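Peer 1: Sequence:
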Amino acid sequence: MEVASDPGNLRNVRHVVLVMSGKGGVGKSTITTELALALQHAGKKVGVLDVDLCGPSIPRMLGMANQHVHQCDAGWVPVYAGSQQTLALMSVGFLLEDPDEAIVWRGPRKTALIGQFVSDVVWGELDVLLVDTPPGTSDEHLAVLEKLGKHRVDGAVLVTTPQAVSTGDVRREITFCKKTGVKILGIVENMSGFVCPHCSECTSIFSKGGGEELAKLTGSVFLGSVPLDPLLSASMEEGRDFLQAFPESATYTALQAVAETLLHALDH
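For the record, in the sequence shown the residue sitting at position 256 is 256 according to UniProt numbering, with numbers rising by one throughout.
In case anyone wonders, no lab produced these hints; they're calculated from the structure.
Hints should not be assumed to be uniformly reliable.
No farther apart than 25 Å at their CA atoms in a straight line, the calculated lysine to aspartate or glutamate pairs in the DMTMM-like style are these [to be verified]: (1) Lys-216 to Asp-241; (2) Lys-150 to Asp-169; (3) Lys-23 to Asp-120; (4) Lys-44 to Glu-125; (5) Lys-110 to Asp-100; (6) Lys-110 to Glu-146; (7) Lys-183 to Asp-169; (8) Lys-208 to Asp-267; (9) Lys-44 to Asp-120; (10) Lys-183 to Glu-201; (11) Lys-44 to Glu-238; (12) Lys-23 to Glu-146.
What you are looking at is a predicted structure, and each value in this text was computed from that prediction instead of being measured.
Could you put the whole structure together from the sequences, leaning on the hints where they help?
Peer 2: What follows is the structure in structure tokens.
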């Protein structure tokens, strides 16, 4: 396994991928969760580092909301989904006594926690570490890149919805990546149509194709389109594995295609 030269807890992590969005509400954490599950089903060992400190929703999406992290001699042990320990998660949500507690922290405290997450979590051997970042281009993004400075970051997956108001914000995210030297691995267009729960027909309730057009304009890889699907939304709410429960759905096919395209980008 090819790994970076970082002697710390990331030394056995093969790939690090940031998941970013220009604005909130585009389903970035949903895409992160489903990518993690798709990669796990593909036989990969996957970690998810949730640095969306003010909105730590991934523990609930993965059905881990009531879990707690533990410490060992080398640092924090992440929470694992299932007994096979092929999907690990670290989130500030595990550190809160009350799940409704608000994170009212200034920048330095956020930066310090992100530093701990990067250096002190004992990930073990991973094929891919997905880093779920907050919306925008804030202190947290700079802190993640600074703390990961000793380790190779393979690049970023950018999540958008089809509308121009969303793709416009992703343009700024692309500029951020270029200024900070982060490779853009691809763009995902989320909420690309609505899948009817009765007839499975997909209807464009927003505009369509904005993410693909943005990829063309910026010379980025288009990873694929993921529709709005009530079954996916329900799975997220209940912490169930959508990909395992609905393998015949068009949304399953879309998510699998995104994961496969991402793996291809990482291996080439």
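Peer 1: Which hints from the list above does the structure break, by number from lowest to highest?
Peer 2: Hints 1, 2, 3, 8 and 10 not satisfied by this model.
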